[in-house]
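Could you slot chain B onto chain A? The hints should help.
Here's the letter readout for the chains.
Protein chains: 2
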Amino acid sequence: MISLEDIGGRAVAGTLYGIGVGPGDTRYMTLRAAALVCSVDVIAFFAKKGRQGNARKVVSALVGAERRELRFEYPLTDEVPADHSEYREQIAGFYKETAAALEAELKGGRSVGLLAEGDPFFYGSFMHMWRRLDEAFPVEVVPGVTGMSGCWTRANAPITWGDDILTVIPGTLDEERLTQRLAASDAAVIMKIGRNLEKVRRAVESAGLSDRAIYVERGTMADELIMPLRECDGVAGTYFAMVIIPGQGRRL
Amino acid sequence: MISLEDIGGRAVAGTLYGIGVGPGDTRYMTLRAAALVCSVDVIAFFAKKGRQGNARKVVSALVGAERRELRFEYPLTDEVPADHSEYREQIAGFYKETAAALEAELKGGRSVGLLAEGDPFFYGSFMHMWRRLDEAFPVEVVPGVTGMSGCWTRANAPITWGDDILTVIPGTLDEERLTQRLAASDAAVIMKIGRNLEKVRRAVESAGLSDRAIYVERGTMADELIMPLRECDGVAGTYFAMVIIPGQGRRL
Numbered sequence: 583m584i585s586l587e588d589i590g591g592r593a594v595a596g597t598l599y600g601i602g603v604g605p606g607d608t609r610y611m612t613l614r615a616a617a618l619v620c621s622v623d624v625i626a627f628f629a630k631k632g633r634q635g636n637a638r639k640v641v642s643a644l645v646g647a648e649r650r651e652l653r654f655e656y657p658l659t660d661e662v663p664a665d666h667s668e669y670r671e672q673i674a675g676f677y678k679e680t681a682a683a684l685e686a687e688l689k690g691g692r693s694v695g696l697l698a699e700g701d702p703f704f705y706g707s708f709m710h711m712w713r714r715l716d717e718a719f720p721v722e723v724v725p726g727v728t729g730m731s732g733c734w735t736r737a738n739a740p741i742t743w744g745d746d747i748l749t750v751i752p753g754t755l756d757e758e759r760l761t762q763r764l765a766a767s768d769a770a771v772i773m774k775i776g777r778n779l780e781k782v783r784r785a786v787e788s789a790g791l792s793d794r795a796i797y798v799e800r801g802t803m804a805d806e807l808i809m810p811l812r813e814c815d816g817v818a819g820t821y822f823a824m825v826i827i828p829g830q831g832r833r834l
Numbered sequence: 583m584i585s586l587e588d589i590g591g592r593a594v595a596g597t598l599y600g601i602g603v604g605p606g607d608t609r610y611m612t613l614r615a616a617a618l619v620c621s622v623d624v625i626a627f628f629a630k631k632g633r634q635g636n637a638r639k640v641v642s643a644l645v646g647a648e649r650r651e652l653r654f655e656y657p658l659t660d661e662v663p664a665d666h667s668e669y670r671e672q673i674a675g676f677y678k679e680t681a682a683a684l685e686a687e688l689k690g691g692r693s694v695g696l697l698a699e700g701d702p703f704f705y706g707s708f709m710h711m712w713r714r715l716d717e718a719f720p721v722e723v724v725p726g727v728t729g730m731s732g733c734w735t736r737a738n739a740p741i742t743w744g745d746d747i748l749t750v751i752p753g754t755l756d757e758e759r760l761t762q763r764l765a766a767s768d769a770a771v772i773m774k775i776g777r778n779l780e781k782v783r784r785a786v787e788s789a790g791l792s793d794r795a796i797y798v799e800r801g802t803m804a805d806e807l808i809m810p811l812r813e814c815d816g817v818a819g820t821y822f823a824m825v826i827i828p829g830q831g832r833r834l
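Residue numbers (my numbering), protein chains in the order written: chain A, 583 to 834; chain B, 583 to 834.
Hints may contain errors.
It does not matter which identical chain is used: a pair holds within one copy or between any two.
List time: in silico SDA-like cross-link candidates among lysine to any residue, alpha-carbon distance up to 20 Å [what the hints assert, rightly or not]:
1. Lys678 <-> Leu658
2. Lys678 <-> Gly744
3. Lys781 <-> Arg759
4. Lys781 <-> Leu755
Calculated from the structure, these hints are not laboratory results.
Chain A with its partners taken away, still in its complex shape:
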């Protein structure tokens, strides 16, 4: 049997890798991502206060105890609205310090794998590191299976058929804008549900899409939860929840 390294290769000294680890199930990591996780000098990742960090959890079968790790803990939770000026200042300061820590590793000649949930260039914290380090250091981005691909797969719901237009909408938008954008969509994915679940449910209902809407929480992870959005009474909503609205385009 072919080894991971034969196809996936090895990390190069002094390089920053933005590694998409996929939606949660370790089997959905790419060969390149897995090979790099096995071979980088340093594993770096973001995590919320008191949590292991989802991306770190995905790779746990591939990282031994002797590996150097950098854990970057977000200064705030998602309880503070992102457009709040205090949040912006604190998180910008945090990203600046994080970039400096990564820079020190790279200058020391070490290869660093910064883990990203899903795909690094799709709503990823990695992007804030990339824009600070991409010009000064060798950076390689490894695309990943997005969280939304994981969610529509587990919901057994093909998302786009024929000429369907897909709209990906953050659940953080205000209700009117959410409703308008949903009403104009053939297929839609609403990301970042968290505490926005009730607002999202009202918007989906107003847009006339409730019959097709599926709630997926932590899709592909061990504790995933999938149900029709209409039946979500009493569900708290988490950051790793999405609403999937499959398209109805051409069946052949």
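Frame of chain A; chain B shown alone:
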């Protein structure tokens, strides 16, 4: 080093696997996809007349000469518009025959891996097999890195920041609708460029997005081509081309 089979597992008899092989670079296959490609009894794939088939090409390092293969050749090229009734009839007949061929394999107790470019549930031909076979046979869908993730990664262009809305639009739409949808987007991906390239360029220009638009052809494959859309004079456009318009949301 961990073997592919340890994490990716093995195929089960009589099961149909819809295997997303990712955007083109073999390294961007998932561990599950690679392990299944190595272990299914039958490798099945779609291909255009006279071509090897892109999905089959991606897995060539993993499939030996002794494996049973089913090649399904599309009866028509993408030269015929998809809304043409003759096209619809021919392609529906083709999909029906293809499903029957897969059914015969499954009834014979063989495991079948039907390859899909990108992600099987995102504009995939696999979906037309899934809707015919999912109720009668065990079917597992393996999500993949989408072609668009591969393209924005190679263009070194993070696609969505902060609360950006992403619109994914088939280039087959008429110019007015394309322009309208682009003008209302924070970030956009225009798929299925093919012979629609000139129309797409006019729509992007009308929507005022030409400064940000990047043309990516066969992203992550050996012969990829990446350039600003504005410089695409004389480019023929292929089915595996996309236009990427990165968002301008919150930088932190």
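Cross-check of the supplied hints:
1. Lys678 <-> Leu658: Within. Shortest intra-copy distance 15 Å satisfies the 20 Å Cα cut-off; inter-copy 54 Å does not.
2. Lys678 <-> Gly744: between (44 Å within a copy, 17 Å between copies)
3. Lys781 <-> Arg759: within (11 Å within a copy, 29 Å between copies)
4. Lys781 <-> Leu755: Within one copy only: 9 Å inside a chain, 32 Å across chains, cut-off 20 Å.
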